[in-house]
Structures are given as structure tokens and as C-alpha cells.
Amino acid sequence: MGNLSLKLFGKTLKNPVMNASGTLGYGREIEPLWGVERLGAYVTKGLSLKPHHGNPTPRVWEERCGMINSIGLQNIGIERFFDEHFPFFRQKKTPIIVNFFGFTEDEYIACAERIKPHRLIIALEMNLSCPNVKKGGISFGKEASTVYNIVKHVKRVTKIPLLAKLTPEVKNIVEIAQAAYEAGIDGLTLLNTIPAVVIDTEKKNVAIKGGLSGPLLKPIALKAVHEISKTIPVPVIGTGGIMNHMDAIAFLMAGAKAIQVGTATFVDPYTIPKIIEGISEYLDVHGYPKIEDIIGIAHG
Amino acid sequence: MDDIEGKIVRNDNIVSNYYLLKMKLSKPMGIVKPGQFVMLKIPDNEVFLRRPFSIYACSRDLLTIMYRVVGRGTAYLSKIKKKENTFVLGPLGNGFHLKEKGNHVIVAGGIGIAGVHSLIGKLRGKASVFYGCSGRDEVALVGDIANLDPRISTIDGSYGFKGNVVALLAKHLKSIRRNNVEIFACGPENMLKSLKKLINKDKIPCQVLVEERMACGLGLCFGCVRKTVDEKEPYKRACREGPVFNLWEICL
Ligand SMILES: Cc1cc2nc3c(=O)[nH]c(=O)nc-3n(C[C@H](O)[C@H](O)[C@H](O)COP(=O)(O)OP(=O)(O)OC[C@H]3O[C@@H](n4cnc5c(N)ncnc54)[C@H](O)[C@@H]3O)c2cc1C
Ligand SMILES: Cc1cc2nc3c(=O)[nH]c(=O)nc-3n(C[C@H](O)[C@H](O)[C@H](O)COP(=O)(O)O)c2cc1C
Ligand code: FES
Numbered sequence: 014m015g016n017l018s019l020k021l022f023g024k025t026l027k028n029p030v031m032n033a034s035g036t037l038g039y040g041r042e043i044e045p046l047w048g049v050e051r052l053g054a055y056v057t058k059g060l061s062l063k064p065h066h067g068n069p070t071p072r073v074w075e076e077r078c079g080m081i082n083s084i085g086l087q088n089i090g091i092e093r094f095f096d097e098h099f100p101f102f103r104q105k106k107t108p109i110i111v112n113f114f115g116f117t118e119d120e121y122i123a124c125a126e127r128i129k130p131h132r133l134i135i136a137l138e139m140n141l142s143c144p145n146v147k148k149g150g151i152s153f154g155k156e157a158s159t160v161y162n163i164v165k166h167v168k169r170v171t172k173i174p175l176l177a178k179l180t181p182e183v184k185n186i187v188e189i190a191q192a193a194y195e196a197g198i199d200g201l202t203l204l205n206t207i208p209a210v211v212i213d214t215e216k217k218n219v220a221i222k223g224g225l226s227g228p229l230l231k232p233i234a235l236k237a238v239h240e241i242s243k244t245i246p247v248p249v250i251g252t253g254g255i256m257n258h259m260d261a262i263a264f265l266m267a268g269a270k271a272i273q274v275g276t277a278t279f280v281d282p283y284t285i286p287k288i289i290e291g292i293s294e295y296l297d298v299h300g301y302p303k304i305e306d307i308i309g310i311a312h313g
Numbered sequence: 107m108d109d110i111e112g113k114i115v116r117n118d119n120i121v122s123n124y125y126l127l128k129m130k131l132s133k134p135m136g137i138v139k140p141g142q143f144v145m146l147k148i149p150d151n152e153v154f155l156r157r158p159f160s161i162y163a164c165s166r167d168l169l170t171i172m173y174r175v176v177g178r179g180t181a182y183l184s185k186i187k188k189k190e191n192t193f194v195l196g197p198l199g200n201g202f203h204l205k206e207k208g209n210h211v212i213v214a215g216g217i218g219i220a221g222v223h224s225l226i227g228k229l230r231g232k233a234s235v236f237y238g239c240s241g242r243d244e245v246a247l248v249g250d251i252a253n254l255d256p257r258i259s260t261i262d263g264s265y266g267f268k269g270n271v272v273a274l275l276a277k278h279l280k281s282i283r284r285n286n287v288e289i290f291a292c293g294p295e296n297m298l299k300s301l302k303k304l305i306n307k308d309k310i311p312c313q314v315l316v317e318e319r320m321a322c323g324l325g326l327c328f329g330c331v332r333k334t335v336d337e338k339e340p341y342k343r344a345c346r347e348g349p350v351f352n353l354w355e356i357c358l
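Respectively, the protein sequence lines represent chains E and U. This note's numbering runs 13 ahead of the 1-based position in the first sequence. This note's numbering runs 106 ahead of the 1-based position in the second sequence.
You may find that some hints are simply not true.
[To be verified] Only pairs whose alpha carbons sit at most 20 Å apart, straight line, appear in this in silico EDC-like list of lysine to aspartate or glutamate:
| # | chain 1 | residue 1 | chain 2 | residue 2 |
| --- | --- | --- | --- | --- |
| 1 | U | Lys338 | E | Asp96 |
| 2 | U | Lys338 | E | Glu97 |
| 3 | U | Lys228 | U | Glu288 |
Worth flagging that the hints you see were computed from the coordinates, not collected in a lab.
Pulled out of the complex, with its shape left as it was, chain E reads as follows (with noise of 0.2 Å):
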């Protein structure tokens, strides 16, 4: 049986399978089919400071090579987080990767304080996708000067590893996590959904504006994963459209440590342990002992 266990940030891993943040609920909801302990790590809802509403309907939308979200962040915030859910992952062991927002600067660093250091925790995972309210609005993560200085604060306030979890709508994504490298970040998420609307063409109007998940995120994910793992010398995690075990080993072929799976799990619940099991025995048809032996084979 290959070995699919790997070491992220002086941490193992039992495999490079993870969900994507946002769509795996808080962990519990999936149990009756599966359970978390499966996953290489658990990746947390999107939490700020304080628990946030989210946005109003609709908020899901199917295209024909993925969907639109609007969720809008909704959470329970931080605290409830750790006091109601953190338990049932101890009592799991499984490591968690706790994914973060804010709408300023000051957000992100109060949340980053918050979270004590433990085992179980691998990395924080900040979401740069989220809108600057004293920008504007504008992103986080579309300035490479703005992604430079909110992982150099963050950084500083944390001892825990520290992921950016970057946005596709930007001009040139190498540059950005080049310059999030030179804040010290520990490692990159890549990528998050693209911003997309859906016109409804019987009622004229925008019927939703959102992220885009899916399918379609694939090739555009890879060639972020494929460039970035070469340049920057920290651990990449990919996500983006992967739907089943060939896909995920694209990504660890493009150079990324670990994946993450997101949407597909809406089309199949039962995709991330199909994915695992995929993966192990592509490694043993290939003749791969370990799983570290196909990352970034693709670099040529």
C-alpha cells in the first residue's frame, strides 16, 4: 500500500485529502456518511471575530460547469467555534486547519490573537477574498502591497503556521504570493472561487453575483499551483474543481503538498473518501511507495 502520510508544517498528516473551507459545514453534518478523522485535515467554515449573518437568498445557483455562491460568510464566530465544535475534533485527533476573515486589517489580526496555539491545529488559513471595507471594498488580496502588509501584521500577533488563501481575480497571482513570501508567509491556498454573476433572462436582472466553484476552476487553479510551487519556496495546497481521485493527483503532479475538495462534495458526499482511496491506489499501480514521490513530478 503506498504511504500517503506527508509532514506539513512539522506536522504528519495521515493523507493530502482535505475539504475546502465552507463546504463541509462545521464537521458533524457529514457523520452520518463519513467521518472527519478521514480527512488529512479538516479545513473550518470561514470565522471572524464575531458570528456574521451572511448574505440573504438565493445564494446557490447551478451553472453547467459549476456553481455560484453567495453565501456570504455566514458563521458562528471564533469563540462559539472552539467552545461547541473544537471538541468533537479532539476527541476525533483530527488536526484542523482553521480558515480566518475579517473586513479590516484589525479583524484579521484580532482573529489570528484569538486562536491559542495546539497540536491539533496545523495552520491558520487566511481568507483574502474578503472585501476591504475601508477599501472600498476592494479585496485583500488584489494588492500585492495590501497582501504584503496584512500577512506581515497577522505574522507577527501568531505562532501558529500561517496559509494565504488567495484570490484568481488579480492581474498577476505569482506576484502576489511573491509578496506574501516576503511577508513570511508559511504557505499558500490556491485558489479561491471566482467572482461571477448569473443573469436572469426571464426577470431581466442579476438573479445572483458570487463565487464560482466547480469544474470550470480546474486548469486555472493548476496553472497557479504549477507556477507559483515553482517559484516560492513554501508549501502549496491546491483547490479548484477537483472531482475525483486523476484530478487530485494533477494538482500534486503541479506541485501541490496537499488538496483540498470542495464542490464535488455537493454532486457526491462520498467524494473525499473516494478521492483517498483513489489516490493509494494510483500509487500502487504506478509502483509510487509514498505519496511525496509524484509532488511537483510535473515540473520537468
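Start from chain E and add chain U with the ligands according to the hints.
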């Protein structure tokens, strides 16, 4: 609950664009509560997400849903032939909460009958049923409930009471024993709104089954929320905390 393979054994047109789909499941679904639903995989590559449908009836490994063709997914569904296979994830959601005793009044409009069909079955004639549809043809949708003497309204007056089902209920409301009465409703948003208006003065206990666009059906995405009067957590998931809500706790 599980994601279960189902072979289509029946997919019949009942009337106009309404269909009854029966599947033989590869294993039993387990205990199903009235008001629960499934996420059905539409076996077409063009249809990305699953579709939510109320469990119309379920016994051991036979599952029935009743659906109305409204868009791409249901249009494809209506063309599926017998023997094709698909997947159903369920049973999902909370379902109706039934007290031991009580005077049950069931109100359904249009395809809303699908949401309360198994509830009516469970109450075995001990409920007063009000059903509204657009015209005489659609009265066929009451199916096996017909022998429970439902009160029926049609918008065009071609059968039963002329008008909508809430107006019909209004006519009978006085005669329904107020003692321990509880209403269970499923139908278009406008029906639920006028029902709320009708019983607002007396605040009669009422559970409603609501529809929201869904992606996962499992509580994973927070896409299907319904706005409630709970100021601390105004948005509740229709697939998990619902799809049945206390009428007095949601915003309509
Ligand atoms: C809990 C629940 C139970 C339901 N039970 C039934 C039932 O028993 N019989 C029945 O005919 N219909 C039922 N519906 C509505 C049914 O899910 C939609 O009519 C169906 O999804 C439409 O799919 P479509 O591809 O034909 O339409 P499209 O408009 O092409 O679908 C596009 C997207 O919008 C969503 N959507 C469109 N209309 C609705 C709607 N009214 N409610 C929720 N999502 C919608 C679809 O799921 C899909 O994701 C129920 C909905 C919910 C939430
Ligand atoms: C319903 C939904 C909710 C999401 N919520 C978050 C979130 O809270 N924080 C975040 O960083 N990304 C969020 N995302 C983005 C995903 O984590 C992921 O980056 C993206 O969907 C691409 O992966 P996929 O194509 O596999 O879904 C969300 C995506 C979806 C579909
Ligand atoms: S449909 Fe995903 S949470 Fe309800």
C-alpha cells in the same frame, strides 16, 4: 441516511406536467419521517447539482416522489425510462413534528401535496385535508387521498370551491375545533403568506414545509437558508434545521 442506488421502476405522467417516479432502492432507506426529502441525482451530465424532492412514499426499498416539470433537471427526469439507475441521498431534513393527540389540519397547494402526502398517510384519516389547485385536471394529484374526503378548491372553479385553498380553509376555520388544533402546510410561497395572514389573529400552531435552492442537502454549504425571527441566528438551513419550520418563527 445514505446515498443509495435506485432503479427506476415507474415514471408516469399523472396530469399536465406532473409525474410520479418510483424507484427500487439497492437497500432500504431506513426510518422516514413525513416531510423529509431526498437529493436526487439527475443522470444527465448537463445537470450539475442534485435536486431536492419530498419523499412522497417510502416502504422498505421502494421510494416514490411526485414532481412537477419546471426546469432543466425535472425536464430531463420526465424523459427517463424504466430500468435506468440513479442515486438518492436521504432521508434528509427534520420532517414534521407530530404530537400524540391533536386536531390536525393539512393544507396543500399544487405540487405541495407531495410534501404532505406521507403525513396524511401516517395520520390515517384523522386529519382534515384541504387541497387547492388550478383546475379540474389537477384534482387527480390527490391520488389515493381522494378516499379521505379532502376539501378541494380550484382557481377556475371547475371543481369544488372556487378560489384558493386558504379562502376555502377560511370558510371552514370556525367549524374546526379550535381545541388542540395544529395546521401542517406545504405549497407556494403566496399560499403560505396568505395562510399566515388568515391565522395571524389566533396564532394557531402551524408547521410549514418550505422550499429553498439547495446545493448539498446535508447542511454543509449554508446555501439553503430561510430567514427566521431569531435575531441571534436569523438564517437557518432549510435542509437541516428545516425544511419544516414553525410558521411563527420564519419570515415570509
Ligand atoms: C425540501 C424540498 C422539497 C421539495 N419537494 C418537491 C417535490 O416533492 N416535488 C417537486 O416537484 N418539487 C419539489 N421541490 C422543488 C424542486 O426541488 C424543484 O422544482 C427542482 O429542484 C427544480 O429543478 P429543475 O432543474 O427542473 O429547475 P431549474 O430551475 O432548472 O433548477 C435550477 C436550480 O434551481 C433549483 N430550484 C429551482 N426551483 C426550485 C424550487 N422550487 N425549490 C428549490 N430549488 C429550486 C434547482 O434545484 C437547481 O439547483 C422541493 C424543494 C425542496 C427544497
Ligand atoms: C458554498 C461555499 C462556501 C465557501 N466558503 C468559503 C469560506 O468560508 N472561506 C474560504 O476561504 N473559501 C470558501 N469557499 C471556497 C472554497 O473553499 C474553494 O476554495 C473553492 O470552492 C474552490 O474549490 P472547489 O471547486 O472544489 O469548490 C466556499 C466555496 C463554496 C462553494
Ligand atoms: S443545501 Fe447545503 S446547507 Fe442546505
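Now for the hints, and whether the structure bears them out:
no.	hint	verdict
1	Lys338/U - Asp96/E	holds, 17 Å
2	Lys338/U - Glu97/E	holds, 16 Å
3	Lys228/U - Glu288/U	holds, 15 Å
Hint compliance for this structure: every hint is met.
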